[in-house]
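**Student:** Below, each chain spelled out in residue letters.
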Amino acid sequence: MTDPAYNFAYLDEQTKRMIRRAILKGIAVPGYQVPFASREMPMPYGWGTGGVQVTAACLVPEDRLKVIDQGADDTTNAVSIRKFFSRTAGVATTEATTDATLIQTRHRIPETPLHAGQILVYQVPIPEPLRFLEPRETETRKMHELEEYGLMHVKLYEDIARHGQIAISYAYPVKVEGRYVMDPSPIPKFDNPKLTNSPAIQLFGAGREQRIYALPPYTQVVSLDFDDHPFTASKAPHDCDLCGSPDSYLDEVITDDQGSRMYVCSDTDFCASRRSAGHKGRLWAPAPEEAL
Amino acid sequence: MYVAVKGGERAIDNAHAWLAEERRGDPGVTEMSIDQIREQLKLAVNRVMAEGSLYDPDLAALAIKQSLGDLIEAVFLIRAYRTTLPRFGASNPVDTAAMAIDRRISATFKDLPGGQVLGPTFDYTHRLLDFKLAAEGLPPAAATAPATPGPVPHVTDFLNRDGLIETAPTDDTPPPDLTREPLELPASRALRLQAITRGDEGFILSLAYSTQRGYGRTHAFVGELRIGRVAVEMDIPELGFAVEIGEVELTECETVNQFKGSRTEPPQFTRGYGLVFGQSERKAIAMSLVDRALRWQELGEDYIGAPAQDEEFVLSHCDNIQATGFLEHIKLPHYVDFQAELQMVRHLRAEATALAEAAE
Amino acid sequence: MAAPQRWLATDTAPLLSVQGLTRHYGARIGCADVGFDLYPGEVMGIVGESGSGKSTLLSCLAGHLQPDAGRITYDGRDILSLREGERRYLARTEWAYVHQNPRDGLRMCVSAGGNVGERLMAVGARHYGDIRAKATDWLGRVEIAADRIDDRPSAFSGGMQQRLQIARNLVTGPRLVFMDEPTGGLDVSVQARLLDLLRGLVRDLGLSVIIVTHDLAVVRLLADRLMVMKSGYVVEHGLTDQVLDDPQNAYTQLLVSSVLQV
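Chains as they are written, first to last, in the working numbering: chain A, 102 to 393; chain B, 876 to 1235; chain C, 309 to 570.
In short, the hints are calculated from the structure, not lab data. A portion of the hints provided could be inaccurate.
Said to hold, decoys possible - Computed Cβ-Cβ distance ranges for the label pairs, DEER-style: (1) C/372 x B/1117: 46 to 52 Å; (2) B/1233 x C/465: 54 to 60 Å; (3) C/376 x A/233: 25 to 31 Å; (4) B/1033 x C/335: 27 to 33 Å; (5) B/1179 x C/441: 57 to 63 Å; (6) B/933 x A/233: 56 to 62 Å; (7) A/233 x B/982: 42 to 48 Å.
No residue lacks a Cβ here, since even glycine has one placed at the ideal position from N, Cα and C.
Same shape as in the complex, but just chain A (with noise of 0.2 Å):
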């Protein structure tokens, strides 16, 4: 038994084939769940096997690689992918946003504004975002069908009657194209204007689940709520201590055993180049030689 060679992005090109004619049909129809023959992957349903097989369909060699999780491109299962596709597809990779051409996320859109040629591609666990509401796939399929989305308005309604607000932060279902109602994964609520009119691909794949879907670039997306309590992006009211920028997600980080916090972006790269570019938060200090 020999380890066998792998084609270029380990998957092989019918596979790829395949999986591509998905994305146009998910491109043609934005926010429409289509389904695919997810393959079984060397990582775990669960790990991003979705955003990997998307990922692995539309890699030229040429392209730069960036992949990032809960915004940061040093999280474990991030480096695991980089370095997945490293081997498999021998692209180079980078930690710059403005700089990527490809970057595959989780749970993060990066606050570095997309450009027109980049594609940006979702780990998405559960795609229905009538799930939750409705069980049974043969259900939430005719409810997409028929346009029949009163169940979510209920939702946002019993929220409102019952908090005061709509009381979803994450996942935070829209409409696509005025059609389509979509889940843009795990992504926190302060993501969500990202999502509309975006001169990049948006791509989005469940593996465990079989569907991708997409959003093609300048595509109308709306939150859902309602004219009298419209959506909010919020976000933690507070600056980053390192990069001092207000309008970027943030980490809360524990430091000591009283408790004490202290905010950090949550998107490395950004933080960064706000940092090598002379911007200084509440808590920044010189950067210290690297530990080994």
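Following the hints, position chains B and C against chain A.
**Tutor:** Chains B and C in isolation, oriented as in the chain A frame:
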């Protein structure tokens, strides 16, 4: 100042190195060989082949070694490997009537052509730990006798002849391939059987058990359980005939279930079917009970809301690779979404407190 | 409120037209060869004992059961040839179905306001305040106190649940309402109150209704016309008062005479 945690890559490499040490265990103890696993942990190998959907005992044994004996992890390795294999085509349906039988029993008749052949079964062992096994040595040779020749017809054929059991309508449509097409519901029986045979043994076992306890009871009798080897043949277009490409060991179970009549037909027994790679009795029997439970609609029975009757529930959750992947993924960082929830809860609590204070 | 004109003129096309509707259960007849026309604004009662086939008939009409034979035409459209999606759309907009057990027609885990607001939101209502105001208004119309708007139906009495179900169904102004024993399971005083409410709503909104019941008092109060069913067949039909005061069929006579005349 705070420096973001780095070194994820090094951490991963060190973790893998430690895992390799754990896999080897005490270096003073003899290392396990693939052959040993294949020969002496045969039923584990069978399970990995069945759930991995790949018939190759050597590969299954390797996967078991690599996974430190975690069978679901081993199945994962096999599945991932399987994806990379080129496909040459499909075999012809195997003929289980021509099986070279090691074990064959029927609960529905005391005796029948072909006989009741116990085979290498645990069934009548007393479950007492055998400490003699802790020492190594050759077991006493089992007595042998020449095999009785002659065909071993399926029990259901006899029932069929008298019209006592439903006949499955012949359907030559090639069944869909779950590993090549997304699962779409409602599913055909062929697709359901495919999903169940590679589904988690524990899950299928529990579902089958639940039907016996009233959650969709089907009154199952084991009409026939047979284990043995069948020839696998493939049509070679260039040759114009089929060629035997090998043998596989299979377990086949046919249950005889609750009879039913319809507007146009008098009562007949109904069927459940199970087929699994290797000697995998528990799985094959469980599979046939779940198969029968899922057929309630085509047989005009009532849907009582039993889990084993719910096709979508069974098929969406029987794949243990999907299940463990999604379950275990909650170990991955989720601090961004958590942060969003945290902010939401803080905000709502602040508002609730403000409201309460204003009311006073 | 003045009763609006209900025009039963024969030059108006029937809203619902049924011919030869038949449904079996194995060898047993569910309903056989049922035919009738229902005009806009009419209330048709279907009465009979249990086993008469009236519930089967209603299920076939509402699209819950597939008939074995027959034809159903609604507003000129052949209902039995509709795709499932078209039928569901109809059920959400122009039709309504009031279940005998309100739990079957309500979302028990959603507040009263959410239950009433759902059909509004399903057809595009997007102003929370307006939805809530309309829900409050409808709760009032079915005599549920406004401060119950955020309570779940599981906290309501059977009568209240039934009234909530009615509000939920009528809020978007359907044209045709199916009712399956709407007063079944409620005690007598609650029934009376509900019937009064229904009568008012039907009149005010000019609804067309098909109501199935074993209770002749219900049809006396609500129905313009009546069909009497026995063993799956329609044995008598006509104007309610005529059928009840002067029954021609022996079975109808039996039915009528066995009811305490109030």
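**Student:** All hints are to be evaluated individually against the structure, with a verdict given for each.
**Tutor:** Here is how each hint holds up against the structure:
1. For residue 372 of chain C paired with residue 1117 of chain B, a C-beta distance near 51 Å keeps the hint of 46 to 52 Å intact.
2. The hint said 54 to 60 Å for the Cβ distance between residue 1233 of chain B and residue 465 of chain C, and at roughly 34 Å that hint is violated.
3. Hint check: residue 376 of chain C to residue 233 of chain A, Cβ distance near 39 Å, so the stated range 25 to 31 Å is violated.
4. For residue 1033 of chain B and residue 335 of chain C, the Cβ-Cβ distance of about 30 Å falls inside the hinted range of 27 to 33 Å, so the restraint holds.
5. Separated by about 43 Å at the C-beta atoms, residue 1179 of chain B and residue 441 of chain C break the suggested range of 57 to 63 Å.
6. Between residue 933 of chain B and residue 233 of chain A the C-beta distance comes to about 44 Å, which lies outside the given range of 56 to 62 Å.
7. The hint said 42 to 48 Å for the Cβ distance between residue 233 of chain A and residue 982 of chain B, and at roughly 44 Å that hint holds.
Checked against the numbered hints listed earlier, the structure breaks hints 2, 3, 5, 6; every other hint is satisfied.
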